[in-house]
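K.L.:
Sequences listed follow chains A and B, in order. The numbers in our numbering rise by one with no breaks, and the one at position 49 of the first sequence is 49. The numbers in our numbering rise by one with no breaks, and the one at position 67 of the second sequence is 322.
Calculated directly from the structure, the hints in this document are not laboratory data. Hints are supplied without guarantee of correctness; some may be wrong.
[As the list claims (entries may be wrong)] Derived BS3-like pairs: lysine-lysine, alpha-carbon spacing no greater than 27 Å straight-line:
#  : chain 1 : residue 1 : chain 2 : residue 2
1  : B       : Lys258    : B       : Lys329
2  : B       : Lys311    : B       : Lys325
3  : B       : Lys325    : B       : Lys313
4  : A       : Lys142    : B       : Lys313
5  : B       : Lys321    : B       : Lys294
6  : B       : Lys283    : B       : Lys294
7  : A       : Lys181    : B       : Lys329
8  : A       : Lys209    : A       : Lys117
9  : B       : Lys329    : B       : Lys311
10 : B       : Lys311    : B       : Lys283
11 : A       : Lys181    : B       : Lys321
12 : B       : Lys325    : A       : Lys142
13 : A       : Lys142    : B       : Lys312
14 : B       : Lys294    : B       : Lys329
15 : B       : Lys283    : B       : Lys312
16 : B       : Lys329    : B       : Lys312
17 : A       : Lys142    : B       : Lys321
18 : B       : Lys258    : B       : Lys321
19 : A       : Lys181    : B       : Lys311
20 : A       : Lys142    : B       : Lys329
21 : B       : Lys325    : B       : Lys312
22 : B       : Lys312    : B       : Lys258
23 : B       : Lys313    : B       : Lys258
24 : A       : Lys142    : A       : Lys181
25 : A       : Lys142    : B       : Lys311
26 : B       : Lys325    : B       : Lys294
27 : B       : Lys329    : B       : Lys313
28 : B       : Lys325    : A       : Lys181
29 : B       : Lys321    : B       : Lys311
30 : B       : Lys294    : B       : Lys258
Quick caveat: nothing in here was measured; it's all calculated off a predicted structure.
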Amino acid sequence: MAENTISFVFPAFISDYRDDPSLSVPAFNDVFQAYLTMAASSVGNELLTFHPGSNPLLQDELLNQYISYIYGCSSAGILLNSGVKPVMTAGYSMGIYAALYSTGSISFETGLLFIQKAYESIRHTLPGNHYGMCGVIGLSEKDISGIAVHHNLNLAIVNRNSDHSFIIAGDSFHINVFLLKARDEGALHARSLGVTIPYHTSLLAEAAKLLSETVFTADVRAPEIPVISVLSQELIQAYRYTLELPCRLPLPSKP
Amino acid sequence: MAKITENTRIEVREIVLTFFAEECEADKSQINDNTSIIKDLDGDSLMFLELIEIFKKKYNLDIELKTIGKYAVKHPVETIGQLIEMQMLIIEHENRLLELEK
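Please put together the full structure from these sequences, using the hints given.
P.N.:
Put into structure tokens, the structure is as follows:
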């Protein structure tokens, strides 16, 4: 009989906060509150106003990333303290920081610092809110490229979840046009991700350089558990890759 | 064009109910034709995609997902019963599904 294996996978951000995790994990709210308090002392008391069920903070991209990170660290902390040991971890996009925290590679505060510096670096090098991202399900890469070429849209596929599930980033007007055309072309599902930053595109190359200055001087240790890069699907365990990983904001566009 | 028998319908129904019971951690006996995929089961388009792949493999179907997507725009699927009916049409007509519109 095959042995059961467990992996931890962390989200990039939270679009909705519908369920009460304490219904299935009674200790969750206390642990989450403890992490929230720790985070507030590092990055600002505004975080303390967050409450599941009433969560306007999720409309703010930076605060949303903090909440997502705190949620991931709380969940991982509870599982690890309960003796649940994953064989590997991964984080979608900015979820990489919670993944690194869960492996012992970075401290909770260092993860917060990386999130803050990444956001500040992006806002400094890419001012304005005229970018966006969307998810599309049901079209192939060829279909997507066809729409982009036909309508002269400057977009990049930044994540391939499967042969028919993609994340796309670029100018927000082009994203909106793409969403309309994708539905016409037969996409089963196409929606905006509600962000104003084109994560994982070459537009963030300068921001990545700025962030690297913080990452390379931070206390980053080799992870105790292998980390998978969702961007490249590489198994990352070596110390040097751990250092490079949080800098991997841009993913070059496919030719 | 595949020949649809009563056995095909029974088989498709069984696959759909078992799939959603497992994916949505629902009681299979409580799922019926009127069950709303989104409201009652918290289902989503990724599940729909996975289910189509299951049927494509099982019945060796020649159909593009975007053909199903275009059909679904005019014939939205909200319930398990509607999903089963659409799946029957996909098996029967494959890539000629849109010709039903003409």
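K.L.:
Tell me the numbers of any earlier hints that the structure contravenes, in ascending order.
P.N.:
Violated hint: only 30; rest satisfied.
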